[in-house]
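Below are the chains, spelled out letter by letter.
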Amino acid sequence: MSIGALTIASQGTAPAKPRRAALVPTAVLLLGAVYALLPIAWVLIAASKTNTQLDSYAAFRPGGSFLANFRNLTSYDGGVFWTWMLNTALYAGGGAILSALVSALTGYGFAKYRFRGKGFLFTMILVGMLVPAVVLAVPQYLLVAKIGLANTYWAVLIPSIISPYGIYLARIYAGASVPDEVLEAARMDGSGEWRTFLRIGVPMMVPGLVTIFLFQFVAIWNNFLLPWLMLSSENKYPLTVGLFTLLDAGTSQPALYTLVLLGSLLSILPLILLFFLLQRFWRVDLGAGSVK
Amino acid sequence: MTTATSSVQHGPAASVSLARRGRPGGGRGWSPSPRRTPYAFIAPAVVLFAAVFLVPLGWTIYLSTQKTQVQGLGLGAGARKQVSAGFANYTAVFQDGEFWQSVLRALLYGCILIPVMLGLATVFALILDAQRVRFQRFGRIAIFLPYAVPTLIGSMIWGMMYLPAFSPINSTLHALFGVQGIDFFGQRTVFLSVANIGVWGGTGFNMMVLYTALRSLPQEAYEAARIDGANERQIALRIKLPMIRPAVIMTAIFSTIATLQVFNEPYAMHQISYGGVSTTWTPLMTVYRDTYTANDIYLGAAESVVIALLMFVLSVAVLRLTNRQIFGGEAR
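Going down the list, the sequences are from chains A and B.
Under my numbering, read the first sequence as residues -9 to 282, first letter to last.
Under my numbering, read the second sequence as residues 25 to 356, first letter to last.
Since the hints were derived computationally from the structure, they do not count as laboratory data.
Here the structure is a predicted model, which means the values were calculated and not measured.
Worth double-checking, as some hints may not be accurate.
Cβ pair distances, simulated, as ranges [claimed, not checked]: (1) A:31 / B:206: 13 to 23 angstroms; (2) B:79 / A:224: 27 to 37 angstroms; (3) B:71 / A:189: 42 to 52 angstroms.
Cut-off 20 angstroms, straight-line C-alpha distance, at most; resulting in silico cross-link-like pairs (SDA-like, lysine to any residue) [unchecked claim]: (4) B:91 / B:64; (5) A:136 / B:115; (6) A:136 / B:320; (7) B:91 / A:132; (8) B:105 / A:42; (9) B:91 / B:75; (10) A:136 / B:106; (11) A:108 / B:72; (12) A:136 / B:59; (13) A:136 / B:63; (14) A:136 / B:82; (15) A:102 / B:85; (16) A:136 / B:64; (17) A:108 / A:155; (18) A:108 / B:85; (19) A:108 / B:61; (20) A:108 / B:59; (21) A:136 / B:78; (22) A:108 / B:83; (23) A:136 / B:61; (24) A:108 / B:251; (25) B:91 / A:133; (26) B:91 / A:184; (27) A:136 / B:205; (28) A:108 / B:71; (29) A:102 / A:112; (30) A:102 / B:76; (31) A:102 / A:40; (32) A:102 / B:114; (33) A:136 / B:75; (34) A:108 / A:118; (35) A:136 / B:105; (36) B:105 / A:132; (37) B:105 / B:316; (38) A:102 / B:105; (39) A:102 / B:134.
We put the beta carbon where it would ideally sit given N, CA and C, even for glycine.
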């Protein structure tokens, strides 16, 4: 069909293209969608099966025990699953809000002021983006243990606040969306620097800050290594660590597999919800700075 | 253009409200002296950066040159103390076959993962940006969705889908084609099994990065090509693809860095695969075992430093290679 379009156009008879659907690309796109959705669909179905049905039923034949599984998961170990859910929300929500605030401050500072050491400091923070987590994870744990913060909420929260990527984005947003003339006008009217930032800078940066919040929220929600190293008591675990220990127990006690499956399903629902609610803020423009 | 409109809209309103609130005589609340102001803005980030990145980094390097010395029978407090080890830990790392095997494994894993993941991401991004393709919105959301699944959870789900007892993949293959089950944890297949988890989880994000890059291209470039009779495939491959190369390079570098660090996928698989994935399958798993299970933080620190250096070399190599491929053909 593409050859057809080419010949028609070259003959000069029909400048308007035929509006038929392009079949091959559409099919490829749909195949990709099926591949992406398949495991999620399988978990959805598997979570409705009893443990024996998991073995005996065909893979995509649903069982009828969704509610029973839900009750089992809720009552497992005194309802610890919902503690994990709350913890995760706390780590991700609190960490992402603080991260967006710190990024806003820093990005605005870098974009709107000239000062000595600016280039060096910014480069240093960007290089931080490239320092692999592996190099930091172990000494971070040892440091945290040394100051007595191991196995506390702070041990997971504090390292989640700083995000070089968030600072990088915030600098771009501040540069692009907060005009210098407006800041000048505010200064002329006698507004202090701090208040100019809060009253003028922050409101103009809000869409960008929501994006930073979202990416950091997902990053913390998905984090496993940091809480896995930092925390030792079950009631402080986030979902990833909690479900992993459940899976670990499941290798010797297969009845737990249904709980792991249902727990996995429930653990991804809040993020999927966040996706759809805040869809327009999901922008992944890595090269934004170079373009503008 | 946004700049102009927003200054028109916000400018006067903002200055009015501030003028009304501003009290004469300097009672404007906290306002640092102009020279220190920028430092006040970036101070929290710098302090956190030092605490979370610099100090641990420096400490890792320091720890990598230390070792524990046991005195006497090794009993009681003070019997174990930390002494300088020089480069002994590094020598141990360089002689540790298991460690280098885990590095090789990670490289092999990356060689499978990165081309497949970025290839798919590029194809999907180009399809999303093409004309006359149906279901674009659905496809975009569906393929991006695995990004919302924590890597560890995704790995656990795939791991259970690989389990011989209730693998939906094997049962579907059996039902459709009568094929015998695949052993997902075999010595060779396990690479593909783990890489598949990475492809599944990473394609959507990279697709969105490239799609965003495509959307920011000037449309005029392909309008002209369309008028000249180029079809969508030609436009995608000859015009769009060269123009988003910088974004492709960025994703390649970030993926390379992520590959050597891979932990969550194989760690979850280790738990499920009955030994198909060993405790030292990837470099980070080796660090984890040596530091926590074997309790040798000094060796673990030296391994971490070596991995960081390898990663740096690898990133530079990828950068050079991709740059040469892109600009090598240019006239000088």
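### Task
Compare the structure with the hints numbered earlier in the document and write down the numbers of the violated ones, lowest to highest.
Numbers 3, 4, 5, 8, 9, 12, 13, 15, 16, 18, 22, 23, 24, 26, 27, 30, 31, 32, 38 and 39 - these are the hints that the structure violates, sorted from lowest upward.
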